[in-house]
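Novice: Sequence:
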Amino acid sequence: MSKRQADRSDLREQSKATSFTSRRELEEKNEMGEFEDNWEDEIEEDEELVEEAEEEEGDGMDVDEQQDGEETPEDLKVYLPGQPLAEGEVLEADPSVYVMLHNLDVRLPFLSFDVIEDKLGDERKNFPATAYVAAGTSLPGVRENEVLVMKMSSLHKTQQDDSDDEDDPDALDEDPVLEHRSIPHQGCVNRIRMMPYSQNKHIASTWAETGKVHLWDLTQAVESLDVPGSSSNMSQKPLCTIHQHGRDEGYAMDWSSLDAGRLLTGDNSGKIYQTVLSQSGIQTDSVAFREHRSSVEDLQWSPTENSVFASCSSDQTVKIWDTRNKKRSAVSVRASGSDVNVISWNKKASYLLASGHDDGVFSVWDLRTFSPNAASTPVATFKWHHGPITSIEWHPTEESVLAVSGADNQLTLWDLSVEPDSEQDGQMTTHEEVPPQLLFVHQGQEDIKELHFHKQIPGCVISTANTGMNIFKTISI
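Numbering follows the numbering used here, in which position 283 of the sequence shown is assigned residue number 741; successive positions increment by one, without gaps.
You may find that some hints are simply not true.
[To be verified] Below, computed lysine-lysine pairings styled on BS3-like, alpha-carbon distance capped at 25 angstroms: (1) Lys-841 - Lys-785; (2) Lys-784 - Lys-583; (3) Lys-806 - Lys-577; (4) Lys-577 - Lys-659; (5) Lys-670 - Lys-785; (6) Lys-583 - Lys-841; (7) Lys-535 - Lys-609; (8) Lys-670 - Lys-659; (9) Lys-609 - Lys-913; (10) Lys-695 - Lys-805; (11) Lys-805 - Lys-577.
Read the hints as simulated data drawn from the structure, not as lab findings.
Given the sequences, and given the hints that come with them, work out the whole structure.
Specialist: In structure tokens form, the structure reads like this:
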């Protein structure tokens, strides 16, 4: 069974204790959430100190004296994950390593979200940035959950202490703006995925804890975010509900990037179904792909072959399938000694597949070495995370860059093109040494569930956790 189900009691208790108040005066009482400015109070306090100093300044020269308890650069040190914190020590984000960093507190936690493709252009590098996402709430035991369509705008660059931000209009000290549309959803949303944008339609699929897969047309919700005065609450029913999985819920889901409208869904009993959405209607196969002996955890369509897909399972295997043969997979490899939670197929180097495991290990596989009659070994394996890997994704344009998140509250960025030292074999078993391929460690979220690169904003990463969502861009990529 999927490990994600064990989180539900924690989510229920946390959602009861989560509250927020909007910084803007909004008419609706049931608001989505708010952005936090981690440095706002500090900046305001600095301004007050400057004003007081100007009032007290005389003809003589004053010497700045360190106040008792005032933090000095010597008091700050780099923190490596796994190190214990001494009493009174807290983690603080270093703004100098972020081009952009914003935190969104949410009323209910999201297990899953996806980035919505917009019409604002590709390769966007200017600020303030704007991003659209779709997410599903995950309040177990409550039938009325929500599908949320959100617009995050006025995402300014992070202010740097050593730069003149007054001359940089992209780094204004202004709060980001969050707008949302809410659509009722029956049951916890285990996973949500957006179909690649086609024919001016924003189509999404959701895996519900009820064992149903729903298809939604979110076009109206997305477009209404750009219309002032539109209501936040929308009454909408699914385009279609897939019943083939019976009462078996699941998490695995992926849309084809080559054939618009082709959807794969996998459940906790090991079954995988294919659904085709076309102009003539919606059709789900009556016969499942079935070879996994346990829950199907993730699915990925091939980025180059429209009849090929990959699956991973808690039976510790990764399988490659041809849609023309439902009886057995084309290739199966034992990828781990623990559950294989997530996989990602490299869209720029289509022979590379990454897998994340329940023991905290993630591996990179060369599919050209896969053989039905021989064991395969990964080309790289890393043991940096000390909790189950919860999400993994290749950079959409940089073929060697990979993002990984774990239940250890870390989101890491890796560049696998960096050559390891001669004494290293690409494997890490402890935190005593930092592997050269590790570019960045992002922290501050608790129990990270999922991450995605924003394909239209180079280097931008969005992640969801029990404590909210982060959207950030580092200086590393």
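Novice: Is the straight-line distance between the alpha-carbon of Lys-695 and that of Lys-805 25 angstroms or less?
Specialist: Status violated; Cα separation ~33 angstroms.
Novice: Compare the distance between the alpha carbons of Lys-784 and Lys-583 with 25 angstroms, and conclude whether the hinted pair is satisfied.
Specialist: This hinted pair is violated, its Cα atoms lying about 44 angstroms apart.
Novice: Quickly compare the C-alpha distance for Lys-670 and Lys-785 to 25 angstroms and report which way the hint goes.
Specialist: holds, 24 angstroms
Novice: Does Lys-659 lie within 25 angstroms of Lys-577 when you go C-alpha to C-alpha?
Specialist: Holds, because 12 angstroms separates the two Cα atoms, which is no more than 25 angstroms.
Novice: Are the Cα positions of Lys-583 and Lys-841 separated by 25 angstroms at most?
Specialist: Violated - the C-alpha atoms of Lys-841 and Lys-583 are around 33 angstroms apart, more than 25 angstroms.
Novice: Hey, Lys-535 versus Lys-609, does the alpha-carbon distance stay inside 25 angstroms?
Specialist: violated, 36 angstroms
Novice: Given the proposed pairing of Lys-670 with Lys-659, does the C-alpha separation stay at or below 25 angstroms?
Specialist: It holds: about 22 angstroms lies between the C-alpha atoms, which stays within 25 angstroms.
Novice: Holds or violated: are the alpha carbons of Lys-805 and Lys-577 at most 25 angstroms from each other?
Specialist: holds, 22 angstroms
Novice: Lys-806 and Lys-577 were given as a pair; does the straight-line alpha-carbon distance stay at or below 25 angstroms?
Specialist: Holds. Lys-806 to Lys-577 sits at ~23 angstroms (cutoff 25 angstroms).
Novice: For the pair supplied as a hint, Lys-609 and Lys-913, confirm whether the alpha-carbon distance does not exceed 25 angstroms.
Specialist: holds, 16 angstroms
Novice: Between Lys-841 and Lys-785, does the CA-CA distance stay at or below 25 angstroms?
Specialist: violated, 35 angstroms
Of the numbered hints given earlier, the model fails hints 1, 2, 6, 7, 10; all others are met.
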